[in-house]
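Undergrad: In terms of numbering that gives the first Met the number 0, the sequence shown is residues 0 to 262.
Among the hints, erroneous ones may be present.
As the list claims (entries may be wrong) - Beta-carbon label-pair distances, calculated as ranges:
1) Asn75 to Ile52: 19 to 27 Å
2) Ile93 to Pro25: 14 to 22 Å
3) Glu197 to Pro26: 23 to 31 Å
4) Arg199 to Gly105: 39 to 47 Å
5) Glu197 to Pro25: 45 to 53 Å
6) Ala153 to Phe192: 40 to 48 Å
Unchecked claim - Once the Cα atoms are required to be at most 27 Å apart in a straight line, the calculated DSSO-like pairs of lysine-lysine come out as:
7) Lys21 to Lys127
8) Lys148 to Lys127
9) Lys78 to Lys253
Calculated from the structure, these hints are not laboratory results. Remember, predicted model here, so these are calculated numbers, not experimental data. No residue lacks a Cβ here, since even glycine has one placed at the ideal position from N, Cα and C.
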Amino acid sequence: MVLVHGNGPQVGMILLRIEATKDRIPPETLDIMVAETQGSIGYLLSRSLRSEIPEREVAALLTEVLVDPDDPGFANPTKPVGPFYSREAADELIRSQGWRMTESPGRGWRRVVPSPRPQEIVELHTIKDAVGHGHLIIAGGGGGVPVIKDQNGALQGIEASLDKDLTACKLAVAIEAERFVILTDVPHVSTGFATRSERRIGRMGASEAGKLLAEGEFPPGSMGPKVEASAIFAEATGRSALITNVEQLESALKDEAGTWIDP
């Protein structure tokens, strides 16, 4: 089993700490923040898992993910990170730091960073070897530490934030996972979410998922990447993917809840 986790709130806390100490401590780059949170969250998860299943070997692995430096995501940063700022503070950060900022009506301005698509899991062979020995591995946290190759082929960290669902899918396909499960904060996928016409989807094919994604049914940065990742896994492996929450997981695995996306 391989467990991939998010890190949004934890990176947000690091950014708040950096903002509070900016006059005394040099800021960190996003790749370092992702590595930090992989370590801290991986430690907490592995400690808990060892307590629950002491007979299993558990390891948290720092995971780098290679991205394409020419990915269009770098030219159009869209992923918000960190605290909200006033218009004046945002203008100063744009001027002094070269940040891209976007406005959230009623809340303020927030930094946006590139979110390129994951291309390759750097530590894949290590992960596959550990899984092959029956170990439980925590990897790809926060989508992975984003890296590119320089002109000499050496890996270099880069300021970006990768989507954890797409990285998890890339990893699941690569290790030939029997099952791909995405746990979120809702029990299933719905069309017309939070409207009077909301309709639960119990099961759909990858082609239908792609059609709904193209129609904008699932918002980016929320359910969109989860549905996309599930459809990619189903098409690539011929096996189904599941989207649900922790509370409904047991029922969903019996096909009594959640949303299954089939090839």
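Undergrad: State for each hint whether it applies.
TA: Hints versus structure:
1. Asn75 to Ile52: 19 to 27 Å: Since Asn75 and Ile52 have Cβ atoms about 43 Å apart, the given range 19 to 27 Å is violated.
2. Ile93 to Pro25: 14 to 22 Å: holds (20 Å)
3. Glu197 to Pro26: 23 to 31 Å: violated (42 Å)
4. Arg199 to Gly105: 39 to 47 Å: Cβ of Arg199 to Cβ of Gly105: about 30 Å, so the range 39 to 47 Å is violated.
5. Glu197 to Pro25: 45 to 53 Å: holds (47 Å)
6. Ala153 to Phe192: 40 to 48 Å: holds (44 Å)
7. Lys21 to Lys127: violated (41 Å)
8. Lys148 to Lys127: Measuring from Cα to Cα gives roughly 23 Å; hence the hint holds.
9. Lys78 to Lys253: It is violated: about 35 Å lies between the C-alpha atoms, which goes past 27 Å.
When the structure is compared with the earlier hints, violations turn up for hints 1, 3, 4, 7 and 9 and for no others.
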